[in-house]
Amino acid sequence: MQQLIRNRELVEADRWRLVADEESLPGTGDLILPLDRYLEERAASDDRGSGRRGLLVDGTVPAEDIAPLLPELDLVAIRFPSFADGRGYSLARQLRLNHRYTGELRAVGNVLRDQLAYMERVGFDSYLLEEGRDPRDALQAFREFSGYYQNAPLEQLPRIQRRARRKAA
Amino acid sequence: MYDYDSHDRRLVNERVAQFRDQTRRYLAGELSEDEFRPLRLMNGLYIQRHAPMLRVSIPYGLLSSSQLRMLASIARRYDRGYGHFTTRQNIQFNWPALERVPDILADLAQVDMHAMQTSGNCIRNVTSDHLAGIAPDEIEDPRPYCELIRQWATLHPEFSYLPRKFKIAVSGARRDRAATQVHDIGLQLVRNEQGELGMQVLVGGGLGRTPIIGEVIRDFLPVRHLLSYLEAILRVYNLLGRRDNKYKARIKILVRAMGKEQFAARVEREWSSLRDRPELTLAQDDIEHMKRFFRPATRAETVNSAPLDAALAADPGFARWYRHNTVEHRQPGYRAVFVSLKAPGVPPGDMTAEQMEHVADLSDAYSGGELRVSHTQNLLLADVRTDHLERLWRELRASGLATPNIGTLTDMICCPGLDFCALANAGSIDVAQAINQEFDDLDYLYDLGELRVNMSGCMNACGHHHMAHIGILGVDKKGQEFYQLTLGGSSANDAAVGDRLGPAVPKQDVSAAMRTLIETFVELREGEEGFLDTYRRVGLEPFKERLYATTD
Ligand code: SF4
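As given, the protein sequences belong to chains A and B, one line each in that order.
Going by the working numbering, the first residue of the first sequence is number 17, and it counts up by one from there.
Going by the working numbering, the first residue of the second sequence is number 65, and it counts up by one from there.
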């Protein structure tokens, strides 16, 4: 079974369910739909059922294309076809910084331990690990560094500048 | 030079611990070969022909004497007693054992060094002018900006899985000694009409299979916007660069495919959302703070010129070395001194542990304890009083580091080639040595004037052969080592990619072919004309005719 980490914790029961392309749409529950499917359903009906809605995209999708959908979404999942394909990092940052998306941002696909800390730092907060990966080992990834040069989401300034200004003050 | 504080140190130590754990998991079979590869590459570790190769970062080529001593100690304890300086101002060790690399990194961390991002598809070590801070033609010292870029790029969360490697060079002088036109991003410090400092931004230069000269996408970028603008370029590249074919994945291919205008427009669009972000905007304080690390050493106000004049008059050997291996310094009474790593019979750029230790001592005694690595694979003592030069020369000569050939044909740039590199088509070190033997008459070399000869063992062009006046590229012809020659390249302000001369020549004929090319040049040159000028005046044909007439 694939394990989910959210906010640096293992999630035992995730309520979100990914709807496969051919599957008919369940009436209830929190559903993640691939982009094309999402747009189709959205065009067909205003009725969103009782659950929350999530969107699944590839890192290749331009941020502007999905920006109009963001207000109605509670989750965006970005798929990494290979852990070495870094487009998802830029897309995540664009969604967070340029489009001020504040919902859950989930990494799916070839998601491995050694990239988790990078993902967190561009704004992901949940990670669906690949099948067969040890989630407890993966949680270590967030503790490897106690600080970076670039600013973390909650810091005002990156280290370069904090240090200079401390000295100048 | 930049001084680590406790935060910098902690980050490097944590990176060592992280890599130690990654290596352990790989050796325990928890990480597959494919999963480990990018992780080790991002820490400078290649798997080479004979053994792993570890590339250690020397940020913009700047090194302290204690760092050089540690490199010597590593060469001795983990390797075969020598290291190889590269064209990107780093050092490589060719024989470490994989299991011991974490220990090497821990030793490096003790002297504030690391191997982060010296390889892999990430932002690589930023390179610069080896005469930064002392060159008379300098507009502004590029090193504070290099360090700002280094910190910004280190473990950058968004740009660690780029389509391909990414190299940035910064020049602060009128004469471009950092080859900014052949980097993914080249930055040239400039002043505008109001006297404000900014940067001219070039993108899309590069060597490799498709050598391309970079294009200017912005004439003047105020320095405070440096990081946000870099971030915009990198984001456009990360999102749009090709990932389906590694030979088409560099930014130069993207810039070409989009066209310069379109690419620039896309960057400006991305930048509009980044340029006012406070965390990416450099305040004057940030810059002043960084500049303090690169203040000139305390130097004597006046240096008595009599000892130098006397030594020059007394010893022609010293005079020759002075003329070729020392260069002008901004401050009268001082010179910058090249430590030649191009002695005959020695692979270009190689240095033994003993030589490193000796030069570390010399830098303490004569040059403020600092050293630089030049992209021509030599070292430099940048701050030497002229009345100390003769003593320094004797010391260097005793270690075989005073070959007076800087800037001549035998000051060749050369990649490791078939002897070490798994990708090589042909040897480079042995050919360099053959050429060295062919041209052993120094006076003849001096008459030829400045001559840049570069050699790469394959198309990847680590030896920058395209950018040489005479370039040599190793190719494989049915299992035989052959060499393709190019003429007329340059990485200076007049940057140009060399032209292919004709069919590749077999290994045993390379030094004779070089002889023919040089003789042709000597016949054609007018007065003291340099090789490049002659070539640009007469073109390829005369060289081609002579060479292929004699080898047919
Ligand atoms: S040019 Fe080729 S042979 Fe030389 S170091 Fe680079 S990859 Fe190896």
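In short, the hints are calculated from the structure, not lab data.
Just so you know, these numbers come straight off a predicted model, no measurement behind them.
Mixed in with the good hints, there may be bad ones.
[Claimed, not checked] Computed, partial: chain A to chain B, Cβ under 10 Å:
| no. | residue |
| --- | --- |
| 1 | Q18 |
| 2 | Q19 |
| 3 | L41 |
| 4 | T44 |
| 5 | R95 |
| 6 | S98 |
| 7 | F99 |
| 8 | G102 |
| 9 | Y105 |
| 10 | A108 |
| 11 | V138 |
| 12 | Y164 |
Cβ coordinates follow ideal geometry from the N, Cα and C atoms, glycine included.
- Task: Any hints from earlier that this structure breaks? Give me their numbers in increasing order, please.
- Result: Of the numbered hints, 1, 2, 3, 4, 5 do not hold.
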